[in-house]
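**Q** Residue numbers (our numbering), protein chains in the order written: chain D, 902 to 1194; chain L, 1193 to 1430.
If you're looking for bench data, these hints aren't it; they were derived computationally from the structure.
Treat the hints with caution; some may be incorrect.
As the list claims (entries may be wrong) - Think about it this way: if two alpha-carbon atoms lie no more than 30 Å apart in a straight line, the pair counts; the simulated BS3-like pairs of lysine-lysine are: (1) Lys-1071/D / Lys-1272/L; (2) Lys-1377/L / Lys-1205/L; (3) Lys-1071/D / Lys-1330/L; (4) Lys-1205/L / Lys-1185/D; (5) Lys-1330/L / Lys-1253/L.
Listed here are the chains, written in short residue letters.
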Amino acid sequence: MFELLGIPPQALFGQLLLGLINGAFYALLSLGLAVIFGLLNVINFAHGAQYMMGAFGAWMALNYLGVPFWGALVLSPLIVAIIGMIIERTLLRRLYHLDHLYGLLLTFGLALIIEGLFRRQYGASGLPYDNPLPGGTNLGFMFLPNYRAFIVVASLVVCLLVWFMIERTKLGSYLRAATERPDLVQAFGIDVPRMITLTYGFGVGLAALAGVLAAPAYQVSPTMGSNLIIVVFAVVVIGGMGSILGAIVTGFGLGVVEGLTKVFYPEASSTVIFVIMAIVLMVKPAGLFGTAK
Amino acid sequence: MLDRTSAPLLEVKNLHGHYGESHVLHGMSFDVYPGEVVTLLGRNGAGKTTTMRAIMGLLRKRSGSIRYEGTETVGLQPNKIARLGIAICPEERGIFSSLSVRENLLLPPVVLPGGLTVDEIHELFPRLEERRNSQGTKLSGGEQQMLAIARILRTGAKLLLLDEPSEGLAPVIVQHIGEIIKTLKQRGFTVLLVEQNFHFASTIADRHYVVEHGRVVDMVENDKIAENAARLEALLGV
């Protein structure tokens, strides 16, 4: 077998795949954050908790209702999205006339409450969730587990569908226009408050979908969201707050960068994203794909 | 021609409006009849744009009465008011930069039957068809103004609120917009126009309301404009 800079290919491709999987979650989560921030101007700090709720939704569906993974993949995001919409209607809506900071504080508080409730009920150690796609394929240079491949493909497909919907459809043109001038869009006869509720639900649903995808790959635990969300916020800052394409490209890209760092300089693997964030903030404060507002 | 024997299309009575703490409209009252082109004339800061925003529901703090086809709209959300058949072309034009020209044109939903088709709109504004794939804000000022007017013609709205469509445009383009407004009138649209350009207004309007300090202080029929010229000039400071 060939070697690259003294690294065996199994290790390289193994880390590359792990990087892609992490990237798949970064992309889905930062995409939801971008959609929400674009229209609501709310930095949704509850995103990690909503991702965790998605994973728990899948676990509960299986253990309480006997709904298998594939059913939970639809059911859990839907239910978490509905909970999100209730939060928007009852809480977030009251804060739109205030500074961004209030929305951030509210969602941060919600994240703590939601995590606390799940920790009280289910403990902090994590619950197992069976792999719905066991087995894998030997590609020669590496072994590719089926479910891991599924995560990457599913995330890519969902991200591209969302991008298409926002950038290329009539519905997306309403969303883009309302992101710029919600008052004027409403004066054209569109029910913008309802659109805001649905958009928040959609972004939250994306987080929950990522959570369901994560359930078989990681353990289902109350803290799974808070571990991930800090990195995701760094991804969003690098990509550019509110940029749809930026969220997708930087999500996958930084996952891969992180994976490669693990191969070539493991000591930096947990900080590399934050180093990149610092550099991007210095050179292009609005992010790689962002435009200054 | 004009039918002022029937009920007014728009009836504004004792309209008050606030921006935060400041009281901007102090009892505006005026009517617009179906098929008319009516202007609100007045100096900067007289409350003309605020009146438009109040009619559209964009000014939340408003009281008094605004009736459209007999329906009271004070208290309705802007999207509900739009669905009654009122559409606005705002002063700053409000072209969306993240939308193409075509997306901008097709953005406002059709609220009532009887609007212009896209083909009819392209006949009136051929430039918009040529530039349909450009980013909305890449258009020239005149083209953006055309687009801002064009996109509200599709919706079936009968009352068009045009806020200073001549502002900042070259004379030849202002003249073109004047022609467009005359065409719209022939097609049966009713237009409420805010203008500071009195001479432009006098070429297209049926009547003029003079606004000062948030209330209507005078009304002049366009065909009596010559005999009132001195008084209007004093009021408008032109």
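**Q** All hints are to be evaluated individually against the structure, with a verdict given for each.
**A** Here's how the hints hold up against the structure:
| no. | hint | in the structure |
| --- | --- | --- |
| 1 | Lys-1071/D / Lys-1272/L | holds (21 Å) |
| 2 | Lys-1377/L / Lys-1205/L | holds (25 Å) |
| 3 | Lys-1071/D / Lys-1330/L | holds (21 Å) |
| 4 | Lys-1205/L / Lys-1185/D | violated (53 Å) |
| 5 | Lys-1330/L / Lys-1253/L | violated (35 Å) |
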